[in-house]
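Student: Next come the chains, spelled out residue by residue.
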Amino acid sequence: MQEAATSLASSPPTQNEAALIERIRKGERELFYELIRPYERRVYAAAFAILRNEADAEDAAQEAVLKAFRYIKQFRSEAKFSTWLIQIAINEARMRRRKQHPELMEPIADRQDESGDYVPRDFADWREIPSETLERKEVRERLAEALASLGQIYRDVFILRDMQHLSIEETASALKISTASVKTRLLRARLMLRDLLAPGFGGPWFSQASFGKGAKPW
Amino acid sequence: MVVNCEEVWREVSNYVDGEVGPDLRVAMDQHFSTCKRCTSVLAGMQNVVQLYGDESMVSVPLGYSHRLHRRLEEDMHPSRRTFFGWMVAAAATVLVAGGFEAARSSGRLPHLRSPHAQLASAVPPEMMVVIYPNGKTFHVAGCTYIPSQAHLQSVKASEAEREGYTPCVRCLKKYLTQSTFSSDTPLRTV
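Residue numbers (my numbering), protein chains in the order written: chain A, 1 to 218; chain B, 1 to 190.
If you're looking for bench data, these hints aren't it; they were derived computationally from the structure.
All C-beta atoms in this analysis are idealised placements derived from N, C-alpha and C, irrespective of residue type, glycine included.
There may be inaccurate statements among the hints.
Here are the simulated SDA-like pairs of lysine to any residue, each with C-alpha atoms no more than 20 Å apart in a straight line [what the hints assert, rightly or not]:
(1) A:Lys67 / B:Gly53
(2) A:Lys137 / B:Gly53
(3) A:Lys73 / B:Asp75
(4) A:Lys67 / B:Lys136
(5) B:Lys136 / B:Glu159
Pulled from the structure, derived: some chain A residues nowhere near chain B, Cβ distances all over 12 Å [claimed, not checked]:
(6) Leu66
(7) Ala79
(8) Met95
(9) Arg97
(10) Thr133
Listed next, the stretches of chain B that the computed footprint assigns to chain A, with coverage defined by at least 3 CB atoms under 8 Å from CB atoms of chain A [unchecked claim]:
(11) 1-15
(12) 48-57
(13) 142-150
Next up, chain B with everything else stripped away, as it sits in the complex (with noise of 0.2 Å):
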């Protein structure tokens, strides 16, 4: 039996697997040792095989049998959660809640130190405003609702938004958006 290049090539793969009949083998064994190509093609799909067969191809995460048992375990005994999961999942929940509350109402302000703040979503960052110690808005300097006149600081609107100031309703109200702050939104309790 004599085989040429295009019949090795569609049996190259079942010769590799071991499964050509003992003839085409012979056959195929003495074209390998007369066919630069052939051979090239056999040994690159030997390689091919090797290589992704080798176990070290997908290296698994660490941490992954563990917690495999672990979503087992809850999935075979839900009852059986331990005090601890119990609170860590307690935890979670409120900081979920938490987050989806705080996304709600506003992407920038961690903490408003009035429950009947309205959200600025256009004062300049870098304007200069007014606060005062342990009050909850800032001013334009001048604004005639600001109860003190003591110790006020100047500071850049930006920081006062990141300390939870918020903005006055009277001399910022041209910056105040009600499309941040919608009547359907529960106002925020500190």
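For reference, chain A alone in the conformation it holds in the complex (with noise of 0.2 Å):
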């Protein structure tokens, strides 16, 4: 409870988040455009880190804004604003790919027993990189296909608490499963994640051919 406290108390003030909504609620409803503006990315960042496609990325967020205009009278006050957007948003982008690929299986990777360690497979030098990479197109492609490829149940607890910046326990509330699952779930999509990119950013990826000069950036 004590970590629960911090870890909202580190959020961005929610006091007149709470305020705006009450008006609203009230019938001012003009000031959802303001309450949804510092949001607005991050649910397409949600919906897109799901269905990898801009058209239907876009087109989730917008149902998911529209959505949680239409129930902000059930929204609880005592949750955040911004776990409930996203949460919306989550929810419609799944359902979506629910409705594009039905023929799709959970992969096999969300039927393995969970308890079970994640050995690091790769231990590739992957030194730190600048942020300047992902001005590259091509990395940002790399990186989408390595979180595609994940397991369902470490990608939405990664999206929600590496890429939103939930907290556990936010994430935990968004997903309806523990602390310890999204602790659990989270170490595993990581790891995954570095074994897949660690020896790609170590090598063949940015090999001396595709800078031109030679030199590696870093």
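Fit the two chains together into the complex; they arrive one by one in their own frames, and the hints show the way.
Tutor: Written out as structure tokens, the structure is:
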């Protein structure tokens, strides 16, 4: 419980937000734009991480925001608005993913016993890399591919925790799982991504040829 | 407290998140200072967290926010659509309806010259046919149903079709198909 309090306290203040929500509920509907503005990008990012297609992600993001507006009266003030909104976006995107690919079974990893230890497979030296690497489209694509290859239960936790920056408790609440499960799945997701990416970042993706002048950028 | 590699791998994610107690943290720090493999795991995981956590990982499409607000606006105030908005919507409806109608009638003919035309589906596109000015149908040269032999033009069947001419129901009868023109399909008006 102490953990939860600490983590929530480090989040941005939500007092104004609570007041805004109250006013919207009482009829000042135009204030909804102000309420969602800080989260518009995150809503899209959450949908995109799941759907991996710009048009579908935008559609899902719009639908999620509309739902949030329609159901704002059902929002319980003890929760955090951003968590609630992102949860709607995740659900919307997941629903679309199921509709688009009903033939897809849950990845095998989802059915594995998640209590077993995951042993890192690759110990390639992946030195510190600058974030400017992300300016390269192919790098972003590699990262998206790696994320997509994870089992859904790991991917969803990773998206909420490391991309949406929700706390462990918020992630647990959004996915209706325990905080212990969040930690276990997050550990696995991070280790698996590291295994998938380290060899590439350590070599082939950044070979001398791709930079032309023979020097790695770091 | 001393930890081995397996214990480090189990806790490395919590370590990155600052979720380990002080004793374990010290023990892990000691382990990292001597174990190259675990240091590589830690560095890689920190890279993963840093890269995916970066905002530029996802680029939002141009105009996303504007379109989102417009959709919200429509949802909040469905009656507040502007006159221009309605005109755009009406024009779109006409286009869509027209598109359906065209698709139902023919995928190839954009504008038929005769309201009584029957569509052909199998006239060889390279076949030479004749048309006459202001006419509606194309014929095989020598067809007795050509109203006037003056000013006849020879063209390929595909070109005649593209121009909206339809095949003569007599001389080109064998190419006419009922499958594209069922009795419940209303006749097109031009």
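Student: Could you run down the list of hints and mark each one as holding or not?
Tutor: To see whether the hints hold, each was checked on the structure:
For the hint pairing A:Lys67 with B:Gly53, the CA-to-CA distance comes to about 26 Å; that exceeds 20 Å, so the pair is violated. Among the hinted pairs, A:Lys137 with B:Gly53 is consistent with the structure: their alpha-carbon atoms are about 16 Å apart, no more than 20 Å. Restraint check for A:Lys73 and B:Asp75: the C-alpha separation of about 16 Å stays at or below 20 Å, so the hint holds. For the hint pairing A:Lys67 with B:Lys136, the CA-to-CA distance comes to about 54 Å; that exceeds 20 Å, so the pair is violated.
The straight-line distance between the Cα atoms of B:Lys136 and B:Glu159 is roughly 13 Å, inside the 20 Å bound, and the hint therefore holds. With a least CB separation of 5 Å from chain B, A:Leu66 falls inside the 12 Å interface cut-off, contrary to its annotation. The non-interface label for A:Ala79 is consistent with chain B: the shortest C-beta to C-beta separation is roughly 22 Å, beyond 12 Å. Every CB of chain B is more than 12 Å from the CB of A:Met95 (nearest about 18 Å), matching its label as outside the interface.
No Cβ of chain B approaches the Cβ of A:Arg97 within 12 Å, the least distance being about 17 Å, so the stated non-interface status holds. With a minimum CB-CB distance of about 7 Å to chain B, A:Thr133 fails to clear the 12 Å threshold, and the non-interface call is violated. Counting residues of the segment 1-15 of chain B whose CB lies closer than 8 Å to any CB of chain A gives 6, so the stated coverage by that chain holds, three being the minimum. With 10 residues having a beta carbon nearer than 8 Å to a beta carbon of chain A, the segment 48-57 of chain B meets the requirement of three or more and the stated coverage holds.
Look at the segment 142-150 of chain B against chain A: 0 of its residues bring a Cβ nearer than 8 Å to a Cβ of that chain, fewer than three, so the hint is violated.
This entry does not satisfy hints 1, 4, 6, 10, 13, going by the numbered hints stated previously.
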